[in-house]
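What follows is each chain in one-letter form.
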Amino acid sequence: MAETREKSHKPKPRVRPIVRLGIFLVSHSFLVSVVCCTSGVLALFLLPVLAKNTYISENALMPGSASPMLSNQHVLDGNRLVKDLTNSNLKSSETGIESHKIIAQYMLDLGAEVSFHKFHPQMNQFHPLHFFSSPDSGKIQENYSCSSYGINTVGVIRAPRGDGKEAIVLVTPYNALKSGFGEALSLGIAYSVFSLLTQVTWLAKDIIWLVADSQFGEYAAVSAWLREYQTPKFSSLSTLNSEMCPDINNLFEIKVHSVAGSKFSNSFRRAGTMAAALVLKVRDQGEQFEDTISIYAEASNGQMPNLDLINVVNYLAVHRQGLRVNVEKLRSLLNSSWLKSLGEIFESLAKVAKTLNPKCKFGIPATEYVEGTATLASSLYYQALGVPTGPHGAFRDYQVDAITLEISPKFSLDKVWRNDILLRGGRLIEGVIRSVNNLLEKFHQSFFLYLLTSPSKFVSVGVYMIAFALLIAPLPMVAASLYVDANSSSNFLKGDSSTPSAVTDAAEHGITIRSWKWLNSAKLVFIVHLWGAIVSLLPYFICQIPDCSPTTSFVIWVLLSILSLLILNSVLASPLACVKASQEKEWALVKSVTISSVFIGLGLMSVINFATAEIGALVMVPMCLLAQPLKLDVRAGTLRSCCRIICNLVLGHIAFPPAAFFLLKGMLDGFGSANVGDFWMWVESLWAWNSATYLFIGMVQLPCWVLCVSILFHSC
Amino acid sequence: MALLRRPLLLLLLILTHQFLHSWIVFGSVNEEGQKQEEFFEELLLKPLPDRKLLTHFHFQSSAPPSSSNGRHHHLFPKAISQLVQKFRVKEMELSFTQGRWNYESWGGFDSIPSSNAKPPGVELWAVFDVPQHLIDAMWKNLTHTLSGLFCASINFLESSTAYSAPEWSFPPASGNLRYGTLPREAVCTENLTPWLKLLPCRDKAGISMLLDRPSIYRGFYHSQRLHLTSTGSGSEGLDPGIILEQTLTVVLLPNSQRASLARASEKHVQPSWSLSSIFGKEVSGKCVLAETSNVYLLLDRGLVAELKQLHKENEKSAEKVSTSENNWTNPSFELSAKPDRIFIEESSLLSKNPSILYKFEVEKYSESEPFDLGLTWKIPVVWLCQQAPLHASRFLMGSGNERGAIAISLKSTQSSEGFVGANFDDERCELQVDVFQVVPWYVKVYFHSLQVFVDQQPKAVSDIIEKIHVSPSKDKVSPGVMELVLKLPCSVTSAALTIEFDKGFLHIDEYPPDANQGFDIPSAIVSFPNFHASMVFLENDSLNQSPLLSKFQEKSPVMSYTEVLLVPLTTPDFSMPYNVITITCTVFALYFGSLLNALRRRVAEEERFLKDKAAKKTGRLPLLLSKLSGKLRGRQSEPPHSTPGSSSLVNSKLVFKVILIAGLARVEMYADQVEGAGKRSVKERLNVNSFDNSIPRRQVTGKRQRQDEKWEHDLYQDVPQVSNRKVDARDLRLKLQKKSLQQVSQSGRGALSGVRDLRDKLSGTMNPQPVNADPPKLKSNAAKPARRSVAVETSEPEPKKAATMTERKKAQQKADASVEGFLQSLGLEKYVITFQVEEVDMTALVHMTDDDLKALGIPMGPRKKIILALESRG
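If you read the sequences in order, they're chains A and B. Note that the first sequence ends on residue 716 in full-length UniProt numbering; no numbers are left out. Note that the second sequence ends on residue 874 in full-length UniProt numbering; no numbers are left out.
For reference, chain B alone in the conformation it holds in the complex:
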């Protein structure tokens, strides 16, 4: 049973799966009748005259208008439909292109070049179905969305300097159009992958399997395009129907061993190719989701005419080539697969040689029998592609960084004569040419300088230009747009437009990182509205199925893009900011250095020092030196024993300086009172712990410091003798402080307690807070320099630890402390260590001479200070 049941179950499963699958796929069919989402995939191959091959992939998905909001899409990419809904996009085209379309050898008249040849980089235009004032906002949002969707910097088109609003010269003429290009955008597989993700089969099945990245990017030109049209049903609550057209145009060189072939005798023979040789892949069946999946081979008019010619010469069987149904193996080339149908272009009035289209249906092939179309040339063929009536090229004139000119030159192509026939009947045969040119704002175009030359003769602008629309650029706001309609005589051989410009200056932060490369002027668009690139094939009934062929039959004006131009602009020296920074820093350093010097100076001591010196007999050398310095300063050299008048002047200056410095010092003191109290150096704290009576002090300006010192002397003599140290010491000190600081205000208490808390935490002791213990006492001491009260408090825990120390040691330390205090009063605390190492106490210090200090390694300045201070004490 089990054995039986298992296959049955499997069968059931498979069946249901199949059913479900088909139900999902064709769900929309069942639901809404003929309104369904469709997908078509097609590929067009066309040999080009210069031994290259044009491959044109065309994918089209369409979603019908639907009533329900937020409906489920089966095939159609949701991202696109959301985009259309959100930004009310009526029509949009986005293209990524690398390389240049060679209009001369690849043709410029067919519908493929006129709709698929794009300027290098990114081009985006969109028509919105919103009121005028909302268009810009919509455009900006759209650029951001697309930039995220396609991994490209399309968001740079957001800035109003990057896009323009053509009025009428751009083919889908409409007021709601916005147009922008990014000529410098590098195109790579990162842009192709999201594009492929919009296809229902990705690149896993069907024709898109051929899309082999390396071979695409090895090509001479590739342009990936996305065109969407929303067939807007105006009624509310109904989402618009969308047609999404994705094309990829690649020009490839079939044979990679070109070098070896080129010099052989058969170098005029077109290279033979097959799909597998160009893409390295074959098509194994169609994408199951596609309605149709066809491959076409197009032989254009020139080629067919040439082939006919050849056969007339060779075999006199020209009619076979063009008309007979089974001519897929004809004498000049051979196809590896039998075409399913052959279409022949409806021979129009203009051309006697219709182009031929071979159709291959991929549906018939499978994994076991993959589709691989190949074409082998037997005889050399040379032909020319059909050209647009005028070949447009654009270049820069002039040199230098100041001004220049843009020239658009139009040269008639030989093949154009036949096509002008459309309006040959008129006496005044005229050829209409539309020119659309966007110029970035930093290229300041003078529109009045527009000059027109026809057949090398200057012409009045009004004679040639029928209609002109100019919107001048605004600096840093919008680009300049020029739209022209030229009416040229039919017999024109060459025409040229020149327009002069000045090169603008950019602000330093507007330069791109590679500013020295120059700046791009995007392509101009030259279109010929009288000429329509369309191919009408005879059997119309079957063509309705194919979006590619119906595209061919559409009447679209012939369009061509000109080259992108590179304008070198003046660039600043970008290393300049560094120089400025360096100079500024130097100035600041000098300024602050002198300021600090002024602050650190001890005026009173210097004065005393000078007086001392004056008292002593000055030697010859110092006299000479002072003379010299006096001379340099521009004063008369005054002897050291100067007149009282001059010294009084100096004194008044000095007094002013002293006041200034004292004021500054006071301000500074208050400024760092709070934080300074919290920060005590490790050394200070160590001192606190090891010596019971060394109280850390901060250096204050001279006078007060010395006063403090005096107190401390009194204090230290008292401290050891008191039995109940903890209380008495504090009482004594507090008393002393009270005495000296009665008049000080009582603000800053909170700050003080906070500071002390922090300090306590740091020192790790858990003593009861004295602040809370006796608030009235602290009230008085709170305001006065925090550090003093800090000093008082920190001494609290010390006695416990220091209790065991011997009396002798204490005495010595006391002496040490006085040395330390002495040094601190001079601002020389950094030498305390030196004295401690040498065990110099105050008594020893008094007897020390200059040489002794020198032996200790004290530099000249401090040494003199110490000696001076000792003398003044003694």
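Extracted from the complex, chain A is given alone in its bound form:
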């Protein structure tokens, strides 16, 4: 304000209101950033309150409009399969092939088309440039042994009068070598539904039942099958290999003595375009008070299936089958007292609002708030991680909506409860399949971008964007104000006298130099980001080193990173030294450019994976905004600067990715088990799943942290 008044003496050209507003905001950037950041965090905590109830958006789904047809007869069929499988398990130790045969035989008896799909589990590989490309058909490795084969059993029911253009997939992971009872039960449920579906007349889409061999992991089996389904290789050596393995060939000598017309073939069976996929699992031990069903929906890079699919499952499970539906939540948050008190504050606020205006009802009970927050936090966490939470993630890579359903029964699975679970689980699956079968178009009506706060509540993108936008809004303003400050203050320094007259003289002289001074700091920022890219590429080379434990890999990585930083520093004109030499106030410019680069990075990331950007913003925005050379604060010695020093130090530790990881891990699992190699493992898993979070950490967060630390230790 003071400046404007000063300049008001001169005749000034009229400025547009929007520009004036911008200038106003920039000049008050401190206040603005404090207000924006706090409101951003507050808005994040308000999300559970603002969550809306889910509703089924697509009319064609009509969940629960037809009464379930799954009868006790089908349940008995399912039970028979479960018994046979468990018996065969007891009978012989080497049962892998045997149980596949049993499943195939059962499918054949129903008149389905059956085929086996052999696959090699694909090693997770780091493809530096494959983060956003569609999955390819994979590499063929020739030196596979017979033991490394997985066998998926696939049964297909053709819709009697359908045109075969679309299909619904039902997946049950099953490990033939050491299967728990839960896995057998999930097969039983799937079989009872399958046997019903061979008889019904309403089927419009083909049904594929995939028994995924989970001995190499559930995801690997499903993704191998999907790869063969979507991008088959016509020239392959795998068949030659398979002929050398007697076990596999043994498999195909299945007796086709059953119902004529049921088809068994060696070739890969296909149906049409996949409309939706359901992965069904049953947990072995039940520790719940009720029969619950957990829904896992997060796929790679925070992609979610259409909300309608979750809605249908939720509706049918709750309103038709009386199952409790559960989505993942962070258990540690459930008992936190501060969250509870926050919930109570919101509740009382809502009460006050209600007394003022009886129509307004936005409050939710404190307990519900705590649960909602825990669910929201886990929803954010899993989306941010970018690693799929189950085999359904493989489907999402091919734009197929899929979810994993995990049924956890109440008590141990004795005979009576088993039938009950078979019936209810089967009816739920039947209902969902029937709904999807009704669908004329693919899922497109409901949301794809949402966060769940409970199985029946969601926050849509329009609401949760606000919190993020508020968080990153101050960044450009602060960057601008820093830039202006640095320019004007350097003016004073340059003039060596603080009289305004000297300022005007110096301004004319140094205006050209000053306006290009930021390039220097931009160079520094660019170099650090380049370093970040190098650091994120390093693991690709490190993992080529044979026989390397995670700990040593990690150490190598750290050493190489530091080395590369030093090399870059010296080769590219030692930016830090240059900073010191040229300008005392240079740190402000560096900070300004850092902040703008962080702003760009966060903005880009929010498009790719919103949750990562949100969590990143929570850490990086305060760090960037607060960063100031420690020397200055120490020199000032006021209370305010003391606080700032403390905040800076804390944030400087937390924002370092490995430190953050260990802190989080320690909080969740206890600090005792923490190991240096864990971080390496975690990073390995991130790049194995092609998670964009890895790129974000390597190319945005790490450089930002380095720059902030360099600002903190700036000598001025």
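Keep in mind that the hints were calculated from the coordinates and are not lab data. Mixed in with the good hints there might be a few duds.
Claimed, not checked - Derived lysine-lysine pairs resembling BS3-like cross-links, with alpha carbons at most 30 Å apart: (1) A:Lys101 x B:Lys411; (2) B:Lys854 x B:Lys865; (3) B:Lys459 x A:Lys233; (4) A:Lys457 x A:Lys410; (5) B:Lys364 x A:Lys233; (6) B:Lys197 x B:Lys364; (7) B:Lys467 x A:Lys233; (8) A:Lys457 x A:Lys351; (9) B:Lys864 x B:Lys657; (10) B:Lys459 x A:Lys118; (11) B:Lys411 x A:Lys118; (12) B:Lys487 x A:Lys233.
These numbers were taken from a predicted model, which means no experiment stands behind them.
Got chain A; can you put chain B on it based on the hints?
Below, chain B alone, put in the same frame as chain A:
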């Protein structure tokens, strides 16, 4: 006598009727000798390996070539013959299909699947006997006609993006062929009914009685087909002979209680069936118009071989099964009716096991003894149907909305080995496969990306493909067509063709209503020209009678259709237009709002108001406010007593604005002059009738209005005093108007009179038209704003009515009127009522203060205006 005569008459009547009937039916026989219209009806039943039953209805009507134009048809459907004549159709086939033909279990080699297994939806092809440039026009007309005839959306095949012209790969190869499919067409009874209407007996008699709609549509597959061939006699004036072949192929599951049967021990036993159990109906005699009416039961080669095998094992009496005449009750199954004849296939070189055909003549049965064929299996039988040499399947590869690939995979079937023998002698045994694929334009196929794999090894395209013809698609004009001839080695086990494509973008109005479902790629046709599906039966002489059996003997190439594919394309957000509309409307509203504001503004008054304010001492608060607003506008806050320089700037701006607004107002005034004159509000008219001297006025811009007011004041003072009101009043006013409007042009007279006429009609008065009475006077007043002259004229009838009113009342009303005029001059006519209710006249108004007006309920703005105006008056 009467008693006697009546039966006689009856007898005579019956006799003549009979005679007439037979004469009508066999009229053509009598007329033209052997050239006659014929109709055959036949039904073929064939048990399928997967416990299902194939029923194949075959109806054939034929019309011989005839010389006379527009001849009468006795049996042949007139609609079809007209269609053939009009569109010069040489050959045509139309099929409606629901479900998929299961090539693996229902066979793919016989003549039934290769000619009757059709892709789901509608398929139409036609060969025309017209010059090349007319074919497309003929095709388009034909599609429309057929769409009307069969209650289907065949007319969508009219668009050039929907049909193609195969060159040689489609079996009736000919340059004049057009081919189109509608994979998404839903097939229902609405399509069957018109098809049945083409039969002479409809579904009322004969074999077609079996066509029970529910059981047909409950089936796993049904395909209703119409094939017509015109045996064109080239000579002119002679209509071509037409053979119309109607077939209906249905695959049914005989036993409905499948669930209970499936788990019993006899689940491998084929279900027993009878005609009445599958269709719920029986055949009571033949259609009297049919030449022959037969039912056949076909046991195919695989089944016969299996039965032989079983009997060898069981009874060692295999020869009985195949050869003996009376084996219709044999140990493995039992027929409920005795077959009239048994045909055995001429055992060819290839197959040792001939298929067996049982023939039943429906002719012998009647209402009292209906024909109901049943088959009861005694022992379980498992066999396989004969397969085409290669099983073709097609699927999509890739994912995402950008690109993908179509793959056609061919897998050899085990049974094919025996059939390859035809050209086994050659060193280089080759299997020829024709592929015909139509791709809609929005699937942009890159033909160069064609890859061929044989036995899982990539092969050079030129090695395998002998002949290729490609016509690339043109965006929004024509689909892409690919025709291939593949030469595969005989020992091939699997082969695959892949071709990549990009997904195109459609214009928003090209999307169908269910765009999110995806888009169909029609079936590819894979045919094997070296293989012929034919069954030759031994006794040829009797077979000539039956069109179905002669069809069997025809050598037609083995054909199969692949699956229909569904390609998901990118779809726009269809709710977007709504958003755009909303935004546009908002912008318009804002724009027009500001424009109207500008038009309604009274600049002069505002100026005066501001001046007044300036004259008064401004308080602290307004000063602060003006400062703030000045700041917001980005100007230096200038105190109310601004410098003359700045005010002059403002003034020049204001002047410009005033001119602009005045110009706009004038234009607007002229624009609604005509219609505005005609429309007078009810209130105005009421005023006219009740008050003799209240003259309705329109508000015009300030200055002129005030002038008018002045005249009116003069006028009203004069009016009551004149004795001969009617004439004098008018004279006076006209004079006044003349005075003021001398220079105005004289156009618009016609419009004026028209307007007045209308108004007169509305008010219901039948006064003589003043226009006609004194034209010279009106000449002058005609051009000037119509409403003023209207006002003058409307006052004519008033004095009569108002004559009885008292003087006092008039005086008061006069005062009222002046209040009204005053308010109108301010543009505040809507508050007139308020003042009238409170009986405020001009004198009272002059003395009214701000508070008084507030008490009246006048809002702030108008209140200030009134006070200002009063001050300026006073």
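Results for each hint:
At roughly 24 Å between alpha-carbon atoms, A:Lys101 and B:Lys411 fall within 30 Å of each other, so this suggested pair holds. This hinted pair checks out: B:Lys854 and B:Lys865 have alpha carbons roughly 13 Å apart, not beyond 30 Å. For the given pair, B:Lys459 sits about 14 Å from A:Lys233 by alpha-carbon distance, which is consistent with the 30 Å threshold. The suggested pairing of A:Lys457 with A:Lys410 holds, with an alpha-carbon distance near 25 Å, which does not exceed 30 Å.
At roughly 61 Å between alpha-carbon atoms, B:Lys364 and A:Lys233 are farther apart than 30 Å, so this suggested pair is violated. Between B:Lys197 and B:Lys364 the CA atoms are separated by roughly 26 Å; this keeps the pair inside 30 Å, and the hint holds. For a cut-off of 30 Å, the pair hint linking B:Lys467 to A:Lys233 stands: about 26 Å separates their Cα positions. The straight-line distance between the Cα atoms of A:Lys457 and A:Lys351 is roughly 21 Å, inside the 30 Å bound, and the hint therefore holds.
Between B:Lys864 and B:Lys657, the direct Cα distance comes to roughly 23 Å. Compliance with the 30 Å bound is thereby established for this hinted pair. Under the criterion of a C-alpha separation no larger than 30 Å, the hint pairing B:Lys459 with A:Lys118 is consistent with the structure, at around 25 Å. Proximity of B:Lys411 to A:Lys118 is assessed by CA-CA distance (about 19 Å); at most 30 Å being required, the pair is judged to hold. The hinted pair formed by B:Lys487 and A:Lys233 meets the criterion: a straight-line CA distance of about 22 Å does not exceed 30 Å.
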